[in-house]
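Construct all of the structure, not just a fragment, from the sequences and the given hints.
Heads up: the protein sequence lines correspond to chains A and B, in order. According to my numbering, the residues represented by the first sequence are 1 to 516, in order. According to my numbering, the residues represented by the second sequence are 1 to 162, in order.
Hints may contain errors.
[As the list claims (entries may be wrong)] One side of the interface only, derived from the structure: several residues of chain B facing chain A at Cβ under 10 angstroms:
1. 21
2. 22
3. 25
4. 30
5. 60
6. 76
7. 77
8. 79
9. 81
10. 82
11. 88
12. 119
13. 122
14. 125
15. 128
16. 137
It is worth saying that the hints were derived from the structure and are not from the lab. Since this is a predicted model, take the numbers as computed values, not measurements. Every residue gets a Cβ at the ideal spot worked out from N, C-alpha and C, and that includes glycine.
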Amino acid sequence: MTVRVFVPLDTSACARGAEELALALQTRCGDDIELVRNGSRGLFWLEPMVEVETTQGRIAYGPVKVEDLDGLLEAGLLQGGEHPLQLGLTEEIPYLKQQQRLTFARVGVIDPVSVEDYKANGGFVGLQSALGKTAQQLVDEVKESGLRGRGGAAFPTGIKWQTVLDADPGDKAQKYIVCNADEGDSGTYADRMLMEGDPLSLVEGMAIAGLAVGATQGYIYLREEYPQAHKILNAAIAAAEKANYLGDNIQDSGKAFYLEVRLGAKAYICGEETSLLESLEGKRGMVRAKPPLPAIVGLFGQPTVVNNVISLATVPTIISKGPEFYRDYGMGRSRGTLPFQLAGNIKQAGLVELAFGTTLRQLLFNFGDGTRTGKPMRAVQVGGPLGAYLPESQWDTPLDYEAFIELDAVLGHGGVVAFDDSVDMSEQARFSMEFCVEESCGKCTPCRIGSTRGVEVIDRIRQGENAEDNKALLRDLCDTMVHGSLCAMGGMTPFPVLSALNHFSEDFESNPGEAS
Amino acid sequence: MSQSHWNPQRVQTLIEGERHQPGALLPVLHAIQNDLGYVPPDSLPLIAEALNLSRAEVHGVVSFYHHFRDTPPGRHTLEICRAESCQAMGSRRLENHARQRLGVGYHQTSPDGEISLEPVYCLGNCACSPSVRIGDKVYGDMDSDKLDQLMDELTTQAVEVR
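This is how it looks when you write it as structure tokens:
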């Protein structure tokens with residue numbers, strides 16, 4: 001009897017040796033196993049994690065190296081046998097069991113490019129039911145779910161869709177669904193994991209979005225840095241076309257939706273929606289002034305939905321299980337779940353999907369188990385390079401969009417990067433400005449020039465040159481950037497800078513010897 | 001690699017394969033760079049002509065994106081992640097080590113033409129920081145020793161090929 005064995009093809013699992021392991025396992029076991037390349041469960045310190053299907057359920061082993069295979073096979077790996085690397089039933093691993101996986105329910109479970117596997121696990125139920133609903137019904141359900149844009153800006157998805165549904169596409173009669181898969185924030189990898197582990201949920205979400213607003217063409221704007229996701233997405237789209245879930249007559253409904261992947265070219269700014277649209281049009285990724293909103297004048301001048309990967313991949317769950325099901329998770333105006341991503345100096349780095357409302361401390365210590373270096377944790381940056389650095393006194397704040405705004409911080413796309421006490425926060429502040437110099441599109445002055453001046457001013461502070469005056473100047477500069485920039489790049493770069501200055505002021509005392 | 005890669009017919013074929021789609025410029029540039037390793041400056045007039053753009057517009061796009069290069073790369077391109085998650089796990093040391101070992105800075109190629117060094121801002125491998133990328137393969141949990149080993153493997157293979 002062939003045993004189903006799972007070895008992830010996720011980028012991070014492969015970075016830890018999953019590819020070599022899969023090859024070695026296949027060579028040794030041949031026809032005794034059916035090797036499935038799944039996505040990752042997101043418990044990265046245990047990757048490569050091998051799972052074996054048994055009558056009791058899937059049993060996990062990890063982290064498995066090629067040289068462990070002989071011992072594992074001897075111990076009865078294929079029957080789920082005992083071994084020091086055995087982790088028990090996958091679903092019972094506490095890190096996984098304590099999560100509320102809605103959007104990531106299938107990631108790591110199924111073969112990402114198998115329509116059959118996807119359907120056997122609840123896939124395409126949402127699209128099938130969407131085909132029988134009116135556009136307005138679909139938009140209403142997304143509104144009722146309380147879903148807000150998971151890219152970081154947290155704008156209500158249903159309201160955006162309503163605007164596109166109501167917009168007149170003019171003579172060209174074309175509307176677009178654009179998926180923002182330019183996941184550039186450091187410390188975030190949820191989009192990548194989803195596209196590598198359950199890409200059909202994104203395909204399904206985009207097709208539903210198309211039905212909801214009357215768009216027939218979709219684009220996934222994927223960053224060039226994700227070659228594995230690129231391959232898997234293309235394979236998933238081909239599989240969906242073959243099974244008639246994409247194309248000119250979806251499931252014989254008479255409704256059409258076409259989807260293609262477009263690659264970015266390493267520009268952080270292209271994660272900003274208007275810059276992304278310019279890039280898709282084949283131009284420099286220069287930010288557009290708003291209004292007009294992309295919902296009204298978007299790609300090629302037509303009404304366009306621009307949504308993040310996670311937002312779109314969550315839509316099938318909302319449509320298949322009902323808006324109330326999703327809305328019942330979360331707190332305040334932050335409804336549903338957010339896939340948090342633990343990164344940086346953390347022992348148990350991984351993906352943790354939870355309802356809004358838990359605290360950062362729970363994430364960092366209950367899930368993350370403290371720093372990887374074993375030194376005390378000192379600062380945590382939440383929400384990517386434009387997010388604030390939080391000191392320990394703020395780690396008990398509930399993870400909720402509004403609670404973070406009150407701290408001059410953001411949840412953003414859910415990235416959490418931990419630093420131990422060896423971090424120099426003035427160096428981090430300098431990097432925030434330097435990153436803005438590197439990645440600014442250059443259209444508006446506060447961002448283009450302000451960031452360059454910001455690096456210079458921080459250098460002077462670090463060298464102890466008129467430190468107090470220069471700190472006042474830095475605050476003034478940050479104020480100009482916040483209020484005068486066209487988009488979040490210049491407008492939010494001050495968040496990490498000022499949080500470092502406010503909460504870690506001791507790192508800005510003159511230290512001429514160390515300044516570089 | 002040298003300028004001998006410049007081949008107008010080849011470039012023309014690549015342009016032809018991508019030009020008939022909305023917003024074709026990035027797909028065209030990717031096709032050329034995938035094939036030749038860079039976007040030769042001499043290809044700009046051909047691209048401009050095919051897409052009905054000015055040369056300045058094409059140049060503007062090539063120079064805007066960090067990914068596109070107008071000179072041939074080394075035999076391998078080593079990208080080191082410079083973003084925060086990797087910084088938290090010692091990427092600044094790793095960068096310095098790579099620069100010293102290769103004797104070049106970012107956007108340069110080692111004198112033997114083996115390795116081009118490029119910065120990258122996040123590879124999405126933040127659970128295993130610090131990360132580097134060579135070709136389409138991402139490596140995590142990097143330190144100076146592992147990076148040396150990787151670079152040794154790259155250059156050793158090159159000798160065997162010869």
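Hints, one by one, checked against the model:
1. 21: 9 angstroms, holds
2. 22: Holds, about 6 angstroms.
3. 25: Cβ of residue 25 (chain B) sits 3 angstroms from chain A, so the hint holds.
4. 30: Because about 6 angstroms separates residue 30 (chain B) from the closest Cβ in chain A, which is inside the 10 angstroms limit, the hint holds.
5. 60: 5 angstroms, holds
6. 76: 15 angstroms, violated
7. 77: For residue 77 (chain B), the interface hint is violated, since the closest Cβ of chain A sits about 12 angstroms away, which is over 10 angstroms.
8. 79: 8 angstroms, holds
9. 81: 8 angstroms, holds
10. 82: 8 angstroms, holds
11. 88: 4 angstroms, holds
12. 119: Where the cut-off is 10 angstroms and the nearest Cβ of chain A is about 8 angstroms from residue 119 (chain B), the hint holds.
13. 122: It holds, given that the least Cβ distance between residue 122 (chain B) and chain A is near 5 angstroms, below 10 angstroms.
14. 125: Cβ of residue 125 (chain B) sits 5 angstroms from chain A, so the hint holds.
15. 128: At about 5 angstroms, which falls below the 10 angstroms cut-off, the nearest Cβ of chain A leaves the hint on residue 128 (chain B) intact, so it holds.
16. 137: Because about 8 angstroms separates residue 137 (chain B) from the closest Cβ in chain A, which is inside the 10 angstroms limit, the hint holds.
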